[in-house]
Amino acid sequence: MTAPLYEVRNVGKRYGSVVALQDVSFTLNAGEVVGLVGDNGAGKSTLVKILSGAHEPDTGDILLDGTRRNWHSPHDALQAGIETLYQDSGIAPDLTVAANVFLGREILKKGWLGRFGFLDEKKMREDARRELERVGIAVPSATRAVAKLSGGQRQAVAIGRAVAWANKVIILDEPTNHLGARQAGEVLQVIRQARDKGLGVVFISHTLPHVFEVTDRTVVLRLGKVVADRSTDSFTHDSLLKAITGLK
Amino acid sequence: MSLESSPVDDSAARRVTAVLLRQDVILLGIFAAMVAFFSAINPRYFSLPSAANILQDFSPVVLMAIGQTFVIASRGIDLSVGSVLGLAGVTMALVIRTCNEAGLEPGLTISLGLLAAIAVGLVVGLVNGLLITYAGLVPFIATLATMGAAAGLSLVMTGGVQIAGAPRAVIMIGNTAYFGWLTVPVMVVFVIIALACAFMAWSRFGRWTYAIGSNSFAARGAGIDVNRHLVKVYALSGVLAALAGAFVYFRLGSGSPLSGRGGELNAIAAAVIGGISLHGGVGKMSGAVLGALITTAVLSGLILVGVQPNWQQIVVAFLIAIAVGVQGIGAPRRGG
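Listed in order, the protein sequences are those of chains A and B.
For the first sequence, position 17 matches number 25 in this note's numbering, and the numbering has no gaps at all.
For the second sequence, position 143 matches number 926 in this note's numbering, and the numbering has no gaps at all.
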């Protein structure tokens, strides 16, 4: 059997005296959507931060394509092809759609202007539109400030951006939060497209119907430990809820 | 997923552009109205010497306002710029006096003085940036601390007195006006204004500044080294404030530990009058430049119509309050 696309082994993380994660192992294969669920304080955010490179684990290993890696910052993980969309905060509202898509990856003008850091706005505008369309998002105007878009459209831009740039793993923290049913359905459709492209997708959500709808496998965290990790089909709504809460 | 169902149609984008254009037009209109008002009271206000004088007053303010604009757009504030102006001015004066007495030739003397001034601005700016990013102080407190420290240091270095002893060349450079208004330092200021407008609007540096001010978490998530960028922004503000100090030194031929006192008020006024949002992420550099022009024109107008200098600060404070109030009414709601 080949190594999983992305894996953490036996990671632990403490914040002072609080144990956030304890001996957690997590795997993700290419072309797979894994749901990560758990109650508040179960350690989901901490695991997301470790997977995305925002925090370093105290103990344990991170492996990408079977090779041990260390992320010192989100930038390292991004470089390796791991995109993360954080809850409600992936977007700079005052910037345009195109500026957001290319944030941190700006295209500079050719020649000496580019050497001084001047931006090739036209190319970014055109490429942003093309990249978003490629992942199934039609943008009427790439030059509009994101603050002028509705919540669902903003989320569409954020997810489109992550899917367009990810080449291995995409981590989505509550991507369907605050969205209407139709918009949430569209988000799930983009996730399926990402999976069909061969990306590994980590889907964090409190909305269990969405977890059932889109994930192949579900990992349940409770009090900093993995309490269940199996095919989503093998859960019923009740058994998943019980795994999350720990109630019999 | 589709963005086609946008509640904002494309004509709205054009309207927004029109409003932004109008903002510049409004500022120019305010400026013209003020010139007309002061000229009506005192016709001498509308003259070449008066304009040349306003330009000399405007230059240090606009230099500080440019730095302030980068800082405020990144959702910070730099209260130390006035004190940095003073500290850079007296440092330059001391270095130049020392070199001059040691018999160095004027060109070298002035260059060394200028370098020393810039180094002072760079150091204070770096300290601001490091305090804010790595020590985690809020910008208001960090720059309040360096504001006090820089002002105190100027007094310690000078014993509280003005430092003269500049070679004649300094006064020549600062006061030889071509066409009756254009001195070499003013020319340099114009070049800096043009570069600042271009970098703010069209460069990656400007883009990252806006992005951090708009949502620093998103900027970090996008792989931008936010701390590093903020240190650069505060360093830039420090250097520009130091250049303002050098400008004042060239103009007067001496450095006073008291010059620049309250300069932060004018710089912040220029930026907020120019539409730079204190919430970060929004505002154009050209607005801040016009804001600096309006601020200085008001101040020299007040003097020319015979208002006591002590009232100046009060007027500037009112301008800030009005500008922020107007912004608050017109500002778009920030999304969450």
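If you are wondering where the hints come from, they were derived from the structure by calculation, not from laboratory data.
Worth double-checking, as some hints may not be accurate.
[Stated by the list, open to error] Some chain A residues judged to face chain B by a derived CB distance under 7 Å, without partners named: (1) P82; (2) G89; (3) Q95; (4) I99; (5) L103; (6) G112; (7) I115; (8) G119; (9) W120; (10) G122.
Don't be surprised by glycine CBs; every beta carbon is placed ideally from N, CA and C.
Sort out which numbered hints this structure fails and list those numbers smallest first.
2, 3, 7, 8, 9 and 10
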